[in-house]
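Trainee: Full structure from sequences and hints, please.
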Amino acid sequence: MENYSCLQIGGKQFSSRLMVGTGKYKSSQDMVESLSKSEAEIITVAVRRINNIQTGESLLEKINWKKYWMLPNTAGCINADEAVRIAILGRELAKLSGQEDNNFVKLEVIPDKKYLLPDPIETLKAAEVLIKKGFAVLPYINADPILAKRLEEIGCSTVMPLGSPIGSGQGLLNLSNISIIIENAKVPVIIDAGIGVPSEASQAMELGADGVLINSAIALAKNPPLMAQAINYGVKAGREAFLAGRIEKQEVAIASSPEKNISI
Numbered sequence: 020m021e022n023y024s025c026l027q028i029g030g031k032q033f034s035s036r037l038m039v040g041t042g043k044y045k046s047s048q049d050m051v052e053s054l055s056k057s058e059a060e061i062i063t064v065a066v067r068r069i070n071n072i073q074t075g076e077s078l079l080e081k082i083n084w085k086k087y088w089m090l091p092n093t094a095g096c097i098n099a100d101e102a103v104r105i106a107i108l109g110r111e112l113a114k115l116s117g118q119e120d121n122n123f124v125k126l127e128v129i130p131d132k133k134y135l136l137p138d139p140i141e142t143l144k145a146a147e148v149l150i151k152k153g154f155a156v157l158p159y160i161n162a163d164p165i166l167a168k169r170l171e172e173i174g175c176s177t178v179m180p181l182g183s184p185i186g187s188g189q190g191l192l193n194l195s196n197i198s199i200i201i202e203n204a205k206v207p208v209i210i211d212a213g214i215g216v217p218s219e220a221s222q223a224m225e226l227g228a229d230g231v232l233i234n235s236a237i238a239l240a241k242n243p244p245l246m247a248q249a250i251n252y253g254v255k256a257g258r259e260a261f262l263a264g265r266i267e268k269q270e271v272a273i274a275s276s277p278e279k280n281i282s283i
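Numbering follows the numbering used here, with no gaps: position 53 of the sequence shown is 72.
Misleading hints may appear alongside valid ones.
Here are the simulated BS3-like pairs of lysine-lysine, each with C-alpha atoms no more than 25 Å apart in a straight line [what the hints assert, rightly or not]:
#, residue 1, residue 2
1, 45, 86
2, 45, 81
3, 255, 241
4, 151, 31
5, 241, 43
6, 205, 31
7, 133, 144
8, 241, 56
9, 205, 151
10, 168, 151
11, 205, 152
12, 85, 114
13, 43, 133
14, 205, 168
15, 56, 85
16, 85, 31
17, 85, 255
18, 43, 81
19, 114, 31
20, 31, 168
21, 45, 56
22, 168, 152
23, 86, 31
Cβ-Cβ distance ranges computed for the label pairs, FRET-style [unchecked claim]:
#, residue 1, residue 2, range
24, 242, 152, 38 to 46 Å
25, 168, 104, 22 to 30 Å
26, 46, 184, 22 to 30 Å
27, 108, 275, 56 to 64 Å
28, 95, 269, 43 to 51 Å
29, 252, 86, 19 to 27 Å
30, 95, 150, 18 to 26 Å
31, 132, 252, 28 to 36 Å
32, 43, 108, 15 to 23 Å
33, 81, 275, 51 to 59 Å
34, 242, 161, 28 to 36 Å
35, 27, 80, 29 to 37 Å
36, 107, 275, 55 to 63 Å
37, 269, 140, 40 to 48 Å
Hint data in this document are derived by calculation from the structure and do not stem from the laboratory.
Each residue gets a CB set at the ideal place from its N, CA and C atoms; glycine is no exception.
Mentor: Take a look at the structure:
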């Protein structure tokens, strides 16, 4: 049976299928404790917000980068050229954290300020450039099966379709398209954005997703560390359920103790 812990991305293996963001927390203490409770290994940081202007705190100092793998993201970029520049800065930040061989980047190109939906054309353009520059590109996209396959074909390390708009907590609103992406992908599929509770994280994993990335659902919970722990459990349960294989749905009831098997 496939090992739960075997998640391969960009030539590296990870034991957790939950990735966690670092934004929106009320305090750095909440963030650090939530990261620990989540048992995540991949932690995404917005390159533009690596330093907190209000407090002067830096994520480079607050997080133990010997324990977590940094996933710099290009949040705030509105076109491909800008995303490429920020990705290069992110690679340098990873080196400053002590991860000399880290070429990961979560590619986000979002010109739409109201709905925060990613631009498919600019995302594809940026991915092509970054792959040529040696990056392991993890692109954030709409749940578009054609775009997902195209990004895979040019060499992206994962595809990361949204479940619903960023920070909305609406859950998985694109189940049919997400299922098609999972069915056709030969790279890991990470569901990114929209998940609000552990049951939705579990649902994503039950579909066959390779992992989920969650920020708002944890950071904005009343008790972020407890929610991080709960979502961790949901991801694990969903993955094991997928590997176990659910029963087929039936139109009628089927007795769990059929009469023909009963002997007195």
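Trainee: Check the structure against each numbered hint from earlier and tell me which ones fail, lowest number first.
Mentor: Going through the list in order, the structure violates no hint and respects every one.
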